[in-house]
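Residue numbers (the numbering used here), protein chains in the order written: chain A, 43 to 282; chain B, 1009 to 1125.
No lab work stands behind these hints: they were computed from the structure.
Just so we're clear, the structure is a prediction, and the values are computed from it rather than from any experiment.
We put the CB at the ideal spot given by N, CA and C, even for glycine.
Mixed in with the good hints, there may be bad ones.
Pair by pair, the computed Cβ-Cβ distance ranges are [to be verified]: (1) A:I85 with B:D1087: 39 to 47 Å; (2) B:S1102 with A:A182: 26 to 34 Å; (3) B:I1033 with A:V223: 43 to 51 Å; (4) A:I244 with B:A1037: 21 to 29 Å; (5) B:L1046 with A:L155: 22 to 30 Å; (6) A:P69 with B:L1041: 39 to 47 Å; (7) B:S1029 with A:G122: 41 to 49 Å; (8) B:I1086 with A:L191: 45 to 53 Å; (9) B:S1102 with A:A248: 22 to 30 Å; (10) A:I244 with B:S1029: 30 to 38 Å; (11) A:L191 with B:D1072: 42 to 50 Å; (12) A:L191 with B:A1037: 29 to 37 Å.
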Amino acid sequence: MLASIAGPALAEGGSLQLHTPDGFLTPAVALIMWAITAVIVAIAIRQTNKSLDERAVPLMGVTAAFIFAGQMVNFPVAPGTSGHLLGGVLAAVLLGPWAGTLVMTAVVTVQALLFQDGGLVVLGANIFIMGIVGTLGAYAAYRSLAAVLRGEARGRIPAAAVAAWLAVMGGALSIGLMLLVSNATTLETMGFIIGVHALIGIGEAAITVAALAFIQATRPDLFRLRDAYSPVGVGAAQGA
Amino acid sequence: MDHRPVDDRPVNRPKTGRRSSWWWIVGLAIAALVVIVLAPLASRDPDGLEKVAEERGFIERAQDAVYNVLPDYSIPGIDDPFLSTILAGLIGVSVIFLLTVGLGRLLARRRAPTEKV
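Next comes chain A alone, as it looks inside the complex (with noise of 0.2 Å):
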């Protein structure tokens, strides 16, 4: 059965590759996006060492690990393309934005050097792409639309499967106007790019639905431990 479905795939030497390789992107692009991206995280380090608990540190381990082992499956959107779990929206929500950042930025950046997906050289653009337009980025939105929605509680799933879209969708049109920048599309290539994914954004929305849903059902005190460290203490956190 496993080799029957994945036998001749690999055997026709398809490709896992994910993210955007070095060379798609000019030099001057790649390297503005390589220093917007070290602002940002160093600003998420710092936010991290103010506000993350002691207690979410192993969440955030197997949050990053289920993200990586995630992006690894390819799922099919249309004849002869497929698309992959981003995870922003998953991470922010159980860990906050810039735990959320870190993590994503921990994965993408062990995947380029790890194992030779996406580049070295746009691996800033990479980590902006997914690690911040799809992480810091959606997790606005995701707390905006739970706002609507009279919190978190209510909320959440419903908040992280249109933000979970949001978040590729922010992803593609990222890429998209880098690529544009770079003199590799067009606009109508644009177009193609955010097309595809929103497809890929319907598979993103249906993952962190599960996930969050699974943890809803199995451990909601999970949930708790974003907030856990706050001024006001754990009692602060119980509303979440």
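Using the hints provided, position chain B relative to the given structure of chain A.
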């Protein structure tokens, strides 16, 4: 000394029932299962960006990596594609887990301020 079970330390535990502190091992096992069961079944079709790059002719801009460690989520020298993918994935899961836990321990606050005595 109080007589609460070890499991019920005041560490964000809900008031209903006892909760295991082994959850993170279950979480890691789920990540490992994703690698073992699902990763070998992953679609090998190009992903959205790569597909558009192929169709719109900017895929040629892609440069090869300057060095290889575990290229394309496989272990060089292990010919069986399933075994190669699974082992490379498990290495990745382990490295990422240790790296982020290390980073977390470096950055995390020891305890909530209200718990200071």
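Here is what the structure says about each hint:
no.: 1; hint: A:I85 with B:D1087: 39 to 47 Å; in the structure: 46 Å, holds
no.: 2; hint: B:S1102 with A:A182: 26 to 34 Å; in the structure: 32 Å, holds
no.: 3; hint: B:I1033 with A:V223: 43 to 51 Å; in the structure: 46 Å, holds
no.: 4; hint: A:I244 with B:A1037: 21 to 29 Å; in the structure: 27 Å, holds
no.: 5; hint: B:L1046 with A:L155: 22 to 30 Å; in the structure: 24 Å, holds
no.: 6; hint: A:P69 with B:L1041: 39 to 47 Å; in the structure: 41 Å, holds
no.: 7; hint: B:S1029 with A:G122: 41 to 49 Å; in the structure: 46 Å, holds
no.: 8; hint: B:I1086 with A:L191: 45 to 53 Å; in the structure: 48 Å, holds
no.: 9; hint: B:S1102 with A:A248: 22 to 30 Å; in the structure: 27 Å, holds
no.: 10; hint: A:I244 with B:S1029: 30 to 38 Å; in the structure: 36 Å, holds
no.: 11; hint: A:L191 with B:D1072: 42 to 50 Å; in the structure: 47 Å, holds
no.: 12; hint: A:L191 with B:A1037: 29 to 37 Å; in the structure: 32 Å, holds
Violation of the numbered hints given earlier is absent; every hint is satisfied by the structure.
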